[in-house]
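Got chain A; can you put chain B on it based on the hints?
Residue numbers (numbering that gives the first Met the number 0), protein chains in the order written: chain A, 0 to 180; chain B, 0 to 180.
No lab work stands behind these hints: they were computed from the structure.
There's no promise every hint is true.
Because identical chains share one entry, a pair is satisfied inside a single copy or across any pair of copies.
Stated by the list, open to error - Derived SDA-like pairs: lysine to any residue, alpha-carbon spacing no greater than 20 Å straight-line:
| # | residue 1 | residue 2 |
| --- | --- | --- |
| 1 | Lys83 | Asp177 |
| 2 | Lys41 | Ala63 |
| 3 | Lys41 | Arg25 |
| 4 | Lys124 | Asp177 |
| 5 | Lys41 | Asp51 |
| 6 | Lys41 | Glu107 |
Protein chains: 2
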Amino acid sequence: MKPVLVIMAPGFEEIELTAPIDILRRLDYEVVTAGLESRTVKGAHGITMQADSLLVDAEEKNFAAIVLPGGPASWTLRDTPRVKKLVQEFADAGKLVAAICAAPIALEAAGVLKEHRVTCYPSVKAELTSAAEVSGEPAVTDGSLVTGRGPGAALAFGYALAAALGTTEEKVAQLKADMCF
Amino acid sequence: MKPVLVIMAPGFEEIELTAPIDILRRLDYEVVTAGLESRTVKGAHGITMQADSLLVDAEEKNFAAIVLPGGPASWTLRDTPRVKKLVQEFADAGKLVAAICAAPIALEAAGVLKEHRVTCYPSVKAELTSAAEVSGEPAVTDGSLVTGRGPGAALAFGYALAAALGTTEEKVAQLKADMCF
Numbered sequence: 000m001k002p003v004l005v006i007m008a009p010g011f012e013e014i015e016l017t018a019p020i021d022i023l024r025r026l027d028y029e030v031v032t033a034g035l036e037s038r039t040v041k042g043a044h045g046i047t048m049q050a051d052s053l054l055v056d057a058e059e060k061n062f063a064a065i066v067l068p069g070g071p072a073s074w075t076l077r078d079t080p081r082v083k084k085l086v087q088e089f090a091d092a093g094k095l096v097a098a099i100c101a102a103p104i105a106l107e108a109a110g111v112l113k114e115h116r117v118t119c120y121p122s123v124k125a126e127l128t129s130a131a132e133v134s135g136e137p138a139v140t141d142g143s144l145v146t147g148r149g150p151g152a153a154l155a156f157g158y159a160l161a162a163a164l165g166t167t168e169e170k171v172a173q174l175k176a177d178m179c180f
Numbered sequence: 000m001k002p003v004l005v006i007m008a009p010g011f012e013e014i015e016l017t018a019p020i021d022i023l024r025r026l027d028y029e030v031v032t033a034g035l036e037s038r039t040v041k042g043a044h045g046i047t048m049q050a051d052s053l054l055v056d057a058e059e060k061n062f063a064a065i066v067l068p069g070g071p072a073s074w075t076l077r078d079t080p081r082v083k084k085l086v087q088e089f090a091d092a093g094k095l096v097a098a099i100c101a102a103p104i105a106l107e108a109a110g111v112l113k114e115h116r117v118t119c120y121p122s123v124k125a126e127l128t129s130a131a132e133v134s135g136e137p138a139v140t141d142g143s144l145v146t147g148r149g150p151g152a153a154l155a156f157g158y159a160l161a162a163a164l165g166t167t168e169e170k171v172a173q174l175k176a177d178m179c180f
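The shape of chain A in the complex, shown without the other chains (with noise of 0.2 Å):
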């Protein structure tokens, strides 16, 4: 299986990052952290965290998902030209792209958005002009977007992405029971 791709850019919201990445660890999946500018990047309440590499390094690995949390960061991953790229060329591979709490607004910018239902903070709920619906669940799959309302559904949204990597719904079920979800 290939490896899973983390962005980390300054002010993501802690929960939404760490949640996904703790889940995807805990049944085997390689995930790779990777910061915009440092390999030290501090979250939106103060948690420094460390990022496995640099964007820059990280894009030669061929990736079988993009992860983007949401938090303040939202807004520098939508106007990062470099993430914008890289969720297109995700998006038109056929690759996984899932974006938590904010972090929506940088699919719809990259028009990988197109006819999806999703799911987003509700704050943000009006920049996602070309999805085809913005629910308010927690977490949203469809095709190859995964999408999550914010930081209270960030297990949830862990979840959706495990089920979307090909996880058995017994083993997401199991994992559930195992972190006493």
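The following block gives chain B in isolation, referenced to the frame of chain A:
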């Protein structure tokens, strides 16, 4: 309001560390994370985070509560005399003592569980021999003890901790909504 002390030992469960800090900082509580031996600490699923302080430097502050995240770190917390002493001092002073997942074993070792209702990760339930009752609830507050069940209950544990620190029910409900919980 006095700050909240969160102990970061190697192998901490990342969601269990992140969720309560995130929740408390959203509510404007001061939170100080303290590493046992190093300010750079690696979690159970390979995410390395930076503590605000070393525990030895943080101890001079006057804290309102101590929080022990779980994961493999729980056994280190249990077996570290400085942590045991701190937990006893907080309990003796009537300050909040909080632990999640397997970390309540450190409260058992410190002798502060006596006659309290608690929750914990199912596999360590048998070790909490001095508790009055070990429930299967996501989070339990009993007197000055707040306990959580596991990573899937880390948000519930964070909200319970906020309430135990004096955040009103309305404010906790509002935060849950803001976080799409």
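Quick rundown of the hints versus the structure:
1. Lys83 / Asp177: This pair counts as neither: shortest intra-copy Cα distance 36 Å, inter-copy 28 Å.
2. Lys41 / Ala63: neither (26 Å within a copy, 25 Å between copies)
3. Lys41 / Arg25: between (24 Å within a copy, 15 Å between copies)
4. Lys124 / Asp177: between (33 Å within a copy, 14 Å between copies)
5. Lys41 / Asp51: For Lys41 and Asp51, both the intra-copy (14 Å) and inter-copy (12 Å) Cα distances are at most 20 Å.
6. Lys41 / Glu107: neither (25 Å within a copy, 34 Å between copies)
The structure fails hints 1, 2, 6 (numbered hints given earlier, in ascending order).
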